[in-house]
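Residue numbers (the working numbering), protein chains in the order written: chain F, 1 to 295; chain W, 1001 to 1335; chain P, 2001 to 2346.
Hints are computed from structural coordinates only; laboratory data are not their basis.
Accuracy of the hints is not assured; some may be wrong.
Simulated pairs of lysine-lysine, BS3-like, Cα-Cα distance not exceeding 25 Å [to be verified]:
#	chain 1	residue 1	chain 2	residue 2
1	P	K2049	W	K1216
2	W	K1157	F	K66
3	W	K1007	F	K124
4	W	K1157	F	K254
5	W	K1007	W	K1069
6	P	K2048	W	K1216
Just the calculated beta-carbon pair ranges, DEER-fashion [claimed, not checked]:
#	chain 1	residue 1	chain 2	residue 2	range
7	F	D54	W	R1058	41 to 49 Å
8	W	S1125	F	K66	46 to 54 Å
9	F	N184	P	S2171	22 to 30 Å
10	P	G2050	W	L1134	55 to 63 Å
11	P	E2336	F	N184	56 to 64 Å
12	P	V2098	F	A185	46 to 54 Å
13	F	N184	W	S1075	43 to 51 Å
14	W	A1130	P	E2100	29 to 37 Å
15	W	P1095	F	M258	24 to 32 Å
16	F	N71	P	V2098	55 to 63 Å
17	P	E2165	F	K124	34 to 42 Å
18	F	M258	P	V2098	55 to 63 Å
The beta carbon of each residue, even a glycine, is placed where N, CA and C say it ideally should be.
The primary structure of each chain is shown beneath.
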Amino acid sequence: MSGRQKTLAAPAHRGRSAGGELWHRFKKNKGAMLGLLILIVLIGVALTVDFWLDQELVIGQNLREKLQQPNAKHWFGTDEMGRDLFWRTVYGTRFSMAIGFVAVIISAIIGVPLGAVAGYYGGKLETLIMRFTDIFSAIPSILMAIAIVSLLGRNTVNLMLAVGIAAVPQFTRVTRAAVLTVKNAEFVEAARALGKTDAYIIFVHILPNCLSPIIVQVTLRVAGAIISASSLSFLGIGIKPPTPEWGSLLTAGKTYIMGHSYLCLFPGLAIMLTVLAFNMVGDGLRDAMDPRLKD
Amino acid sequence: MHRYIIKRVLMLIPIIIGVSFIVFFMMDMAEGNALDLIGLDFSEEKLAELYHQYGYDRSVFYRYLLYIKNLFHGSLGTSIIYKKDVLDLYLQRLPATLKLASASVLVAVVLSIPLGIRAATHHGSLTDNASMVLALVGLSMPNYWLGLMLAVLFAQKLHWLPSSGDLNGIWSLILPAITVGTGLMATMTRTTRSSMLDVIRQDYLRTARAKGVPEKRVINVHALRNALIPIITVVGTEMGKALGGAVVTENVFAWPGVGRLIIEAVNQRDTATVTGCIILTAVMISIVQLIVDILYAFVDPRLRAEYSTGGQRSRRKTGPRAAALGLAGKEGAVA
Amino acid sequence: MIEKRQDMNASRAPAVEGNILEVRDLTVHFVTEDETVQAVSNISITLKKGEILGLVGETGAGKTTTALAILNLVPVPPGVVKSGSIRVCGKDVLNAPVRELEQIRGSDVSMIFQDPMTSLNPVFTVGDQIAESVMMHDKCSKAEAWERAEEMLELVGIPRERAYEYPHQFSGGMKQRVVIAIALSCNPKLLLADEPTTALDVTIQAQVLDLMCDLKEKFDTSMIFITHDLGIIAEICDRVAVMYAGRIIEEGTLEEIFNHTKHPYTEGLFNSLPNIEDRTAKLRPIPGLMPDPTKLPKGCAFAPRCPYARPECIETPQEPKYFSDTHFALCSAYSEPGFRIDREEV
Chain F
1 MSGRQKTLAA PAHRGRSAGG ELWHRFKKNK GAMLGLLILI VLIGVALTVD FWLDQELVIG
61 QNLREKLQQP NAKHWFGTDE MGRDLFWRTV YGTRFSMAIG FVAVIISAII GVPLGAVAGY
121 YGGKLETLIM RFTDIFSAIP SILMAIAIVS LLGRNTVNLM LAVGIAAVPQ FTRVTRAAVL
181 TVKNAEFVEA ARALGKTDAY IIFVHILPNC LSPIIVQVTL RVAGAIISAS SLSFLGIGIK
241 PPTPEWGSLL TAGKTYIMGH SYLCLFPGLA IMLTVLAFNM VGDGLRDAMD PRLKD
Chain W
1001 MHRYIIKRVL MLIPIIIGVS FIVFFMMDMA EGNALDLIGL DFSEEKLAEL YHQYGYDRSV
1061 FYRYLLYIKN LFHGSLGTSI IYKKDVLDLY LQRLPATLKL ASASVLVAVV LSIPLGIRAA
1121 THHGSLTDNA SMVLALVGLS MPNYWLGLML AVLFAQKLHW LPSSGDLNGI WSLILPAITV
1181 GTGLMATMTR TTRSSMLDVI RQDYLRTARA KGVPEKRVIN VHALRNALIP IITVVGTEMG
1241 KALGGAVVTE NVFAWPGVGR LIIEAVNQRD TATVTGCIIL TAVMISIVQL IVDILYAFVD
1301 PRLRAEYSTG GQRSRRKTGP RAAALGLAGK EGAVA
Chain P
2001 MIEKRQDMNA SRAPAVEGNI LEVRDLTVHF VTEDETVQAV SNISITLKKG EILGLVGETG
2061 AGKTTTALAI LNLVPVPPGV VKSGSIRVCG KDVLNAPVRE LEQIRGSDVS MIFQDPMTSL
2121 NPVFTVGDQI AESVMMHDKC SKAEAWERAE EMLELVGIPR ERAYEYPHQF SGGMKQRVVI
2181 AIALSCNPKL LLADEPTTAL DVTIQAQVLD LMCDLKEKFD TSMIFITHDL GIIAEICDRV
2241 AVMYAGRIIE EGTLEEIFNH TKHPYTEGLF NSLPNIEDRT AKLRPIPGLM PDPTKLPKGC
2301 AFAPRCPYAR PECIETPQEP KYFSDTHFAL CSAYSEPGFR IDREEV
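Using the sequences and the accompanying hints, generate a full structural model.
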């Protein structure tokens, strides 16, 4: 039977490059493609919104139209200052995406080298790094982020730092595990025999071969970071209103939630949609990279 | 087995010290402290005296060493704001947190495991696809937002359920438990499904079918028992998260638990309370983790053998269950 | 074509009462999004009580799929039983209701799987795994089932105390004995042994084979013995069926297959065996590989590798050519009078 299954799995798409094969499998996953489409739109909006969106629409107050329910003119309604929630939410894409990506880049910049070093050198250094990781992750990440924000002070950059640092252990673990699987491969031995430096081997030979779990982790963690950041805003230790970041839009709306629940509904939906898109793409990538899990 | 447990309990000590180090320094070095907050109307002398009393006239290292010394005497210090022993404060809030955590984990386990099994056994079916989409949506919702929306719908619009506090017994518990439970359920359903999908392909299930075991028993006994390790892992992680991380939900529903205490303390720069509560939370999470590890031994005889042969396991997340955890780790990473 | 063969087979072998196994024109495909694998095509097998049939062929020839089909355990999807019927002890396996099927499995027919390492459930004791089968079929108490399980362990040469141990505490050979004990625990009338010795060391292989022969003597079980080891076939089988690319291309008694080989593929199999008497003789492996099971030709699938092949071989469907009541080959070369293969009548 096992022989049969092998012949079943293998011959489908001979002669495609690894990347092409990945894309072929990813493409077949409708959810992942939908997620990718949403992400492309969101990233596009985040990058360009400054150029085409009139600032007046975002910050312009109009007290005569305050707290209007969603209607034809104001699709998402207006807030207590009469600002249009739809345009504020669109503009907020910029903040939430930036926070998500920057936070994850921070985690990756710290976590990936730590994990790579731990996995590559092993021994005492590995024990030290992994023990520290264990201790660090014994603190729930939201509490960790809260502590970091209170240490650094409350602003956007520190929020990104806090969310990013709190997620470092995951990257360390994933990278270490991936490095362990590659580090004894023959091409690494060969590089070592050629007298390449350890740093060269790690960055040129090992890490590129560990990319797939790290990329999946990045995608999924951006989703996590967006949620964490908006949670901190909600708890009153993240971005302050009236910055139209989604978490703080929601927090601002909370005051008027009696009778004006749309003020919380739409920013929340925006967060959910974004996170959902990242999760779908992350899942799709993971399944495409490890087809064993799928069928 | 006993030796293994003792060893694990001893391993709590470095964790406690490490956690206290990280949190203490971060809180202590943050701008402003609780004394400045409560001491606004005090005279200079009075303030200086208080500073001296709490060691604020010395270096942060002195205060930390003092803290550790007290820690080993079983004291987590006194809250400057609440004027109470931190341990008492924590224990006072713990029951509410435990209640919420267990209720949501229970709801999640009861609903998600059968759903995950069904999704796996009917792989590719409508049930499978629908439950996976729902799980993904559940994972993608910010907790606090879901809580707010539930409160608006069920408390404000429909007046069915209370939306805050812990005064109406089980009725107060429902909305917070659903809020926390949704995320847990999503993760657990996904883990159960992928773990079962892994097991369903195994040869020994074919052996069971070949000897005439009814399909129901093949799935619910032969397969499930083997799929349990990643599921238990996730239940443990999620229980830990619910114990320490229900901070946001507790704030939405004004739930008088530890999470709310921590936020209040952070806002008032109450270093002792924050540090103490986070240490205790870390300890609780480690205890849950230990229970999970002990459960492994009951589920999997191979791990049982390993524990009793003197714990050759070098580190958590390595060894023979690495494969199982690899799976669970991937799921855990999402939330 | 199917119709035609069916008719022909029906006329040749009317349903004989007392046959333990009757497989008629079985065709199994594996259908995935991209392709269809023709795993088993038009196979017919009959087996009398106490008979051992050897099923020979390369990996991927469809041997295991045939055995799984007899248990109605072909994984669906992607497996599809396209046509055919299977009767075990007169019971229609493919159309049996679930309850009856569960009764058939284990008590009428049971199977020994190829890989003992993965065939046992790691979280239950071996005693439990044997006793479960007994309890399922004999409707007895747990204690009685355990007693039986311990007896079975002793029968396969494992001390009864070890019933309380888990699979990971056993070596590969021991595990295979446990798998055999499970398969035999309810005295099945038909045993499907799927390469039961492939995963084992040579010395253990011999022990397990001896054991199976003993058991067959004792219980008079019919057996289908799947292997690609012709040595084992010679040792224990009464009849042999050679499979290639999902078809039985030659079938006959042990003597007929070994000494009056007719099909070029069977010839190739024998030629690729090392000759112990003449160690200077060169091995003559069959050139080429098994054809892609998704693109089988209409005619003979072996034709591209066959030294005797003529152009029409691959085009025209093959008809069985009977050399005796028990011996046929699926080779159209014999329609030409005087055709012989090199190895014939050694």
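Hint check:
1. Among the hinted pairs, K2049(P) with K1216(W) is inconsistent with the structure: their alpha-carbon atoms are about 33 Å apart, more than 25 Å.
2. With a C-alpha separation of about 22 Å, the suggested pair K1157(W) and K66(F) falls inside the 25 Å cut-off, and the hint holds.
3. For the hint linking K1007(W) to K124(F), the alpha-carbon distance of about 20 Å falls within 25 Å, and the restraint holds.
4. Proposed proximity of K1157(W) and K254(F) is supported: the alpha carbons are some 16 Å apart, at most 25 Å.
5. The straight-line distance between the Cα atoms of K1007(W) and K1069(W) is roughly 23 Å, inside the 25 Å bound, and the hint therefore holds.
6. Between K2048(P) and K1216(W) the alpha-carbon distance is near 34 Å, which puts this suggested pair outside the 25 Å criterion.
7. Between D54(F) and R1058(W) the C-beta distance comes to about 56 Å, which lies outside the given range of 41 to 49 Å.
8. Checked against the hint of 46 to 54 Å, the C-beta distance between S1125(W) and K66(F) comes to roughly 50 Å, which is consistent with it.
9. Taken as a hint, the range 22 to 30 Å holds for the pair N184(F) and S2171(P), whose Cβ atoms sit roughly 28 Å apart.
10. Distance hint check for G2050(P) and L1134(W): the Cβ-Cβ separation is about 56 Å, which falls inside the suggested range of 55 to 63 Å.
11. Remark: the range hint 56 to 64 Å for E2336(P) to N184(F) is upheld by a beta-carbon distance near 60 Å.
12. The given range of 46 to 54 Å is respected by V2098(P) and A185(F), whose C-beta atoms sit roughly 49 Å from each other.
13. A hinted range of 43 to 51 Å for the beta carbons of N184(F) and S1075(W) is consistent with their spacing of about 49 Å.
14. Checked against the hint of 29 to 37 Å, the pair A1130(W) and E2100(P) passes, with Cβ atoms roughly 33 Å apart.
15. In this structure the supplied range 24 to 32 Å holds for P1095(W) paired with M258(F), their Cβ-Cβ distance being about 30 Å.
16. In this structure, N71(F) and V2098(P) meet the distance hint of 55 to 63 Å, their C-beta atoms being roughly 59 Å apart.
17. For the hinted restraint 34 to 42 Å between E2165(P) and K124(F), the CB-CB distance of approximately 39 Å keeps it satisfied.
18. The hinted window of 55 to 63 Å between M258(F) and V2098(P) holds, with their beta carbons roughly 57 Å apart.
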